[in-house]
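Keeping their order, the protein sequence lines are chains V and Z.
Residue 1 is where the first sequence starts when you use the working numbering, and the numbers rise one by one after that.
Residue 1 is where the second sequence starts when you use the working numbering, and the numbers rise one by one after that.
You may find that some hints are simply not true.
[As the list claims (entries may be wrong)] So, partial list: chain Z residues that the calculated Cβ filter (under 10 angstroms) puts toward chain V:
{"hint": "1", "residue": "85"}
{"hint": "2", "residue": "125"}
{"hint": "3", "residue": "127"}
{"hint": "4", "residue": "129"}
{"hint": "5", "residue": "130"}
{"hint": "6", "residue": "141"}
{"hint": "7", "residue": "143"}
{"hint": "8", "residue": "155"}
{"hint": "9", "residue": "162"}
{"hint": "10", "residue": "215"}
{"hint": "11", "residue": "243"}
In short, the hints are calculated from the structure, not lab data.
Where is the CB? At the ideal position from N, CA and C, for every residue including glycine.
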Amino acid sequence: MKDDAIVNINNVGFRYQHEPVLENINLTIKWGDFLGLVGPNGSGKTTLLKIIVGLIKPDSGSVELFGQSQSRFTDWAKIGYVPQKAALSNPTFPVTVAEAVGMNGGDPETIRRALAGVAMENKMTQPLNELSGGQQQRVFIARALVSRPQLLILDEPTVGVDIDSQLQFYRLLKNLNQKHALTLVLVSHDIDVVAHETKTVACINKTLICHGEPHTVLRGDFLDQLYGRPVRLLMHNH
Amino acid sequence: MFQYGFMVRAFAAGLVIAVTAPLIGSFLVIRRFSLVADTLSHVALAGVAIGLLTGTQPLITTVILTMIVAFLIEAIRSRGRLPAEAVLAIFLPGGLALAVVLISFANGFNAGLFSYLFGSITTVQPDEVWLILLLGLVAVVTIVHFYRPLLYSSFDEDSARASGINTKTISLVLMLLTAVTVSLSMRIVGVLLIGALMVIPVTTAMQVSRSFKQGIFLAIALALAAVTAGLVMAYYLNLPAGGVIVLLSLALFAGVTLLKQTVK
Numbered sequence: 001m002k003d004d005a006i007v008n009i010n011n012v013g014f015r016y017q018h019e020p021v022l023e024n025i026n027l028t029i030k031w032g033d034f035l036g037l038v039g040p041n042g043s044g045k046t047t048l049l050k051i052i053v054g055l056i057k058p059d060s061g062s063v064e065l066f067g068q069s070q071s072r073f074t075d076w077a078k079i080g081y082v083p084q085k086a087a088l089s090n091p092t093f094p095v096t097v098a099e100a101v102g103m104n105g106g107d108p109e110t111i112r113r114a115l116a117g118v119a120m121e122n123k124m125t126q127p128l129n130e131l132s133g134g135q136q137q138r139v140f141i142a143r144a145l146v147s148r149p150q151l152l153i154l155d156e157p158t159v160g161v162d163i164d165s166q167l168q169f170y171r172l173l174k175n176l177n178q179k180h181a182l183t184l185v186l187v188s189h190d191i192d193v194v195a196h197e198t199k200t201v202a203c204i205n206k207t208l209i210c211h212g213e214p215h216t217v218l219r220g221d222f223l224d225q226l227y228g229r230p231v232r233l234l235m236h237n238h
Numbered sequence: 001m002f003q004y005g006f007m008v009r010a011f012a013a014g015l016v017i018a019v020t021a022p023l024i025g026s027f028l029v030i031r032r033f034s035l036v037a038d039t040l041s042h043v044a045l046a047g048v049a050i051g052l053l054t055g056t057q058p059l060i061t062t063v064i065l066t067m068i069v070a071f072l073i074e075a076i077r078s079r080g081r082l083p084a085e086a087v088l089a090i091f092l093p094g095g096l097a098l099a100v101v102l103i104s105f106a107n108g109f110n111a112g113l114f115s116y117l118f119g120s121i122t123t124v125q126p127d128e129v130w131l132i133l134l135l136g137l138v139a140v141v142t143i144v145h146f147y148r149p150l151l152y153s154s155f156d157e158d159s160a161r162a163s164g165i166n167t168k169t170i171s172l173v174l175m176l177l178t179a180v181t182v183s184l185s186m187r188i189v190g191v192l193l194i195g196a197l198m199v200i201p202v203t204t205a206m207q208v209s210r211s212f213k214q215g216i217f218l219a220i221a222l223a224l225a226a227v228t229a230g231l232v233m234a235y236y237l238n239l240p241a242g243g244v245i246v247l248l249s250l251a252l253f254a255g256v257t258l259l260k261q262t263v264k
């Protein structure tokens, strides 16, 4: 099973008010992968994630999750999802860190462990709206982890997060991927981060333009095609 | 005071309302949907008119009508074609218009109807007390049972749906419970004032609570205080119960707000 695909996207297309958002997307996400999805604004990255987690039904094509057709898939605890702008949309919402994590289930011990996993254990009783954007983002990851998922999907998780917290954040993701064998899918507009932090990259702009390891995929010709203008990436190692 | 059967019934009904109204109201406020209680209360008036016209127990006709309208509001809102507050702005005058027309068939207002508008401590009938207790129990048990998915879908609907929660059903359950709570509260607080008891204690509690659960318990405590003191004052000073209860809730809101400002 370990070599099997976790997500299989076959010929998926989606239109919004007759405008094509995604066309003929074929993409396989393998066990243990850390996939970065990149593309310009409005390229359909978020839509593709929403299709994977079942929030949107594709107009054409099909999705398989853990070897099962999505329409028959019920084991949603296997997939953790942290949507875009998960950081508080309603800042007056009176909720503690432990309550926010517990929304996704789990007894107090599971909640504590999930928070320990993102180094937020000491904030359990603190109101969520007193935390910084980066800390809130960690809490939302803990919430997704509470159901012990095998696949974690994150949509632009570091928007509005300062650079130091971003570095810590990606260290955390790498740790989850390597030590806890969690398969990760990360949407980011920051192509530089994706190039350095992920194992594979998929470039999307309505269609799938490229898919592979960062150093083979993030080349000039693909990037020009992706962004419709010359884009160059400075590859440097940490 | 308690030698009178009507006061015992008023307290029994009042305490049930003081628990259920802020409990349901907490979820409405965080969903930015507070005005649904007011909308359903105007529909409730039409339900009372149907009951009085047909000679049926008004509480039953009101529960049925408000639940039907709650279902319609949720069906239209969840399609996402109209803003939520516009949906409420359609049904609120709609309910009132239906009520006025139906009341005209019954030859206009009478004292019985007036007590439904503003609440009265003397009018709760013995059979109504049992119905209020039963419906209140149903509301509390349902909220406790659905607490986690209700909180999750109120906080972050997309994540809740992605985790496998049927957020449409959860929203509908909350709307139907709101309809039930509005209906069972109208005898004591009155249809025009029940929205206040679902919202004011909650907004008061939210200012000082550090967790959602704490907020719910504090809101219930505030509502219990307002209802108890309100009923006592209504009895001794011969005032309309609903008005006194809402004014006391507002006084608590003002007190907590001022206290918070001073402490800061």
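Hint by hint, here is what the structure shows:
1. 85: violated, 16 angstroms
2. 125: Interface hint status for residue 125 of chain Z: violated (38 angstroms vs cutoff 10 angstroms).
3. 127: violated, 39 angstroms
4. 129: violated, 34 angstroms
5. 130: violated, 35 angstroms
6. 141: Where the cut-off is 10 angstroms and the nearest Cβ of chain V is about 20 angstroms from residue 141 of chain Z, the hint is violated.
7. 143: violated, 15 angstroms
8. 155: holds, 6 angstroms
9. 162: Since chain V brings a Cβ to about 4 angstroms from residue 162 of chain Z, closer than 10 angstroms, the hint holds.
10. 215: holds, 5 angstroms
11. 243: Hint violated; residue 243 of chain Z Cβ to chain V Cβ min 28 angstroms, cut 10 angstroms.
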